[in-house]
Amino acid sequence: MGDKSSGAKKVSRRKFLVRGGLGTIGVLAIGTYIFRNAIRREILGTVNSLEMPYTDNTDQPMVWFEVTSENNIVLHSPKMEMGQGTFTGIAQMAADELSVSMQQIQVVHAASSTGNVDSFATGGSTSISGLWQPLRELSAMLRMMLLKEASQKLNIDVTQLQIDDGVISGTGKSLTYAQVAEGVKNWEVPDTPKLKSLKEYKYVGKPIARVDLDAKVFGDPIFGMDAQMPDMLYGAIVRPTKIGSIFVSADIATAENMPGVIKIVVEEDFVGVVAKSMLEAENAKNAINVTWDSYKDLNTEAITKIITVGNGKSTIIQKNGDSLNEEGDLVRLEFRTPIGAHAQIEPNGVVASVDGDSAIVKISTQVVGITRKEVAKRLGLDTDKVNIIPTYLGGGFGRRLHTPHAVQAAVMSKAVGKPVKYFFSRKEEFQHDMFRPPTHHVIKGELNTDGLLHGLEHEFVSGDVGNNSALIPNFLPPIIGADVGAIRGGFIQYSGIPNFRAVYWHVDLPFATSWWRSLGLLANTFAMESFMDEMALKANKNAVEFRLQQIADDAIGVRLKNVIKAAAEKANYSEEITNGRAMGFAASIDANTPCAQVAEVSIIDNEIIVHKVTVSLDPGLAVNPDQIRAQCEGCVIMGMSAVLYEQMFVEDGELTPTIYGPYQMALMKNAPKEIDVVLLQGKDTPGAVGEPPLGPIGAAIANAVRRLTGERLTELPLKLSKLTL
Amino acid sequence: MEISLTINGMLKTVDVGDENTPLLWIVRDLLNLKGTKFGCGKAACGACTLLVDDEAVRSCSYPVKFVEGKKVTTIEGLGDRENPHPVQQAWIEEIVPQCGYCQPGFMMATAALLNKVPNPTDEDIDNNIINVCRCGTYYRMRKAIHRAAKLQAEINTNETKEI
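These protein sequences, in sequence, are chains P and G. Numbered according to this note's numbering, the first sequence spans residues 1 to 725. Numbered according to this note's numbering, the second sequence spans residues 1001 to 1163.
None of these hints come from the bench; they were simulated from the model. Check each hint, because a few of them may be wrong.
Said to hold, decoys possible - Rough simulated footprint, nothing fancy, chain P against chain G, three-plus residues with beta-carbon under 8 Å:
1. 1050–1059
2. 1063–1073
3. 1119–1127
To be verified - Computed spacing ranges between beta-carbons, pair by pair:
4. P:Glu200 / G:Thr1121: 55 to 61 Å
5. P:Gly580 / G:Lys1150: 30 to 36 Å
6. P:Glu711 / G:Lys1116: 38 to 44 Å
7. P:Gln664 / G:Ser1061: 15 to 21 Å
8. P:Asp553 / G:Ser1061: 57 to 63 Å
9. P:Gly244 / G:Asp1054: 32 to 38 Å
10. P:Gly356 / G:Asp1018: 31 to 37 Å
11. G:Asp1122 / P:Gly356: 58 to 64 Å
12. P:Thr685 / G:Phe1066: 52 to 58 Å
13. G:Asp1122 / P:Ala512: 38 to 44 Å
14. G:Glu1123 / P:Asp269: 38 to 44 Å
Cβ atoms here follow ideal geometry from the backbone N, Cα and C, with glycine treated the same way.
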């Protein structure tokens, strides 16, 4: 797929504009990187290996760069920084093509008023891979424009000039980029120049320290929760605790007269308080008596019953050869995964200022374009009257792909004529999350006489991930028939098996589920790779050999085999139990990035302890190997947290627990003491990194436990049965 | 109600309103020091950890009245870009933060740990560093904590020599 993703068109020359200013120039460009037509077969056939190209807003020119009078470059990023290291990677790419040092590049979130709005989102592990071609081309064009202008100013031929850290020099004379740019009215815009070779890059490919490191170590106020505006007031919103509640009416008499209260804002769909301080807003909120309609008294068992293969509507998403012989010697296992919370540490927060016919919104969001559209629609404004100013995200993980709180803050601001800051309480975060959906899997397999799989079938059911999301156009799900998010990782990756089938079942849940880092991958890979391990045991084969023998030699198959071999070799994979420790193996492909992991596990005081995880990942070209390692380490720990501890319940119609602790997550003491990462480069462009390493961890741990105890754990979170204890 | 405290080395008197207001909001909203974070409001995640008389405190659940006459240190007062605290220096050298939101709380908890246990074992770290990080930076944090202990020991050795 690598060739397809890099097939984006070049930046159009006519659309590369330059805007002058006082000591700075803004470079505006319209890229023409358009999401391929989403045709059913293409999406279904390639969703495991699909890389999303960068998609932008093609209506208006966008500010990408400013050259400052201090001879620095400000890069306006359409992608948000949420910990994944994108700012650092794109700074490396821009610095190299612009011939400036890393210190000269400052990356900022593009405000929507600059037009540089990503029409998709920051998510899907697409930021670096999607910007790889367009950002380097834009940077190279700016470099050439400055070079040509310098050539005229210095009266030296371009071929006699060289550039070093933003200084253009030749025959003893030199000008900084800032000096070149000063006062220029008409720029000569060249065709997209030839990009530098990888060997010429000083920064791309190197483990450069994060560009936001100092800000994050010294406590700078960079997050949505830290945002302020002059004369800011505080908002609070009454949220129901029961699933499915619809706002009917509110008794606000008491709250209206409470200290600090400016106004109670009663809308059709919510009631909010605006007060002088956050605590006064909270107090008044608690004094409002709201009537809710039609809540449902649900419990976890009822949800489990809905999430069962055979319910709802099915779509065959993958098929090869014949169906399984149901009369044969089939192994059949069922797996379940629970509702998962995002639990990002920074609550969703926003400051909105609505003044006359325009709005300014400071927010941590993964969807600047959607946030802008929703605020504009509710206020009845044109989108260009709404400026979304994104902040750093205190964790994204998919939680910030939904930002209705921006609309609510804007409505409250309009009602009082002053800026209003609003953020969720932790209880509201847990109860009004857009959860990782619970899943159920039925997997069947049949071995041939050589102990290899003759047939394999994966049927699974999941709540919505992509369906009913603003990111997926409404017309798409009926065409595809399957949820593009829920099916991630649900395919059979062992393409050497002659007969296989993957079937997705769609059901509706009574509460919202959505994108959670890696989407269906975590659950699907847990189920599939646990099953593969069980089949290897039944075939009496080494788990690594068993996998390697059933992968076809196509491009992705070769890359998958290579990561499997690399992980096994690096971890010294063995099926012996040594010092009470067993190894578990698992592998996955997500967004065209294969990953394999070996977990070294023991059981101490009846608890599953993960001592060491070896990760092998082939992300293609590694723009920043250190940040790719950091993503692998983070995915291992976030993944083990999800598979060993995390679970939301439904009790009396309420989602629970509502606080860390009862919602158990991995802490320092649980994290592996060793995480060993091996990076392979199986293609020559950068690929997905932020999610693929979440795939194998669940099955890797469960497979180790199987070898320690003989018990096949089929439900997340993994719990040893009483029998084992 | 007025409270006098030493905040990052500066003596200040603040009208805090209700004496039971959590220290976190006084620090963030009245003193405008945003490095101390709100995470849960129930002392469950540790994002709001700061030092009161060099002890780690979860400030979201710590009434401001208890800091009268005391010394409060936040991430902004722990060290700065010119003079980073050994914990901050170690965090930089190990490139620990991802999203970064929980990191000030972890650094403050670590600074408090090193005051008591200058050379912590893995077990000391497991027992004392109990904040929550969603990005999963624990692996690098552990390395940074050990590195910070070494950096601090070097500083102490140098100081001793100067005497």
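Checked hints:
no.	hint	verdict
1	1050–1059	violated (count 0)
2	1063–1073	violated (count 0)
3	1119–1127	holds (count 4)
4	P:Glu200 / G:Thr1121: 55 to 61 Å	47 Å, violated
5	P:Gly580 / G:Lys1150: 30 to 36 Å	32 Å, holds
6	P:Glu711 / G:Lys1116: 38 to 44 Å	42 Å, holds
7	P:Gln664 / G:Ser1061: 15 to 21 Å	20 Å, holds
8	P:Asp553 / G:Ser1061: 57 to 63 Å	59 Å, holds
9	P:Gly244 / G:Asp1054: 32 to 38 Å	50 Å, violated
10	P:Gly356 / G:Asp1018: 31 to 37 Å	36 Å, holds
11	G:Asp1122 / P:Gly356: 58 to 64 Å	59 Å, holds
12	P:Thr685 / G:Phe1066: 52 to 58 Å	57 Å, holds
13	G:Asp1122 / P:Ala512: 38 to 44 Å	40 Å, holds
14	G:Glu1123 / P:Asp269: 38 to 44 Å	52 Å, violated
Of the numbered hints listed earlier, those contradicted by the structure are 1, 2, 4, 9 and 14.
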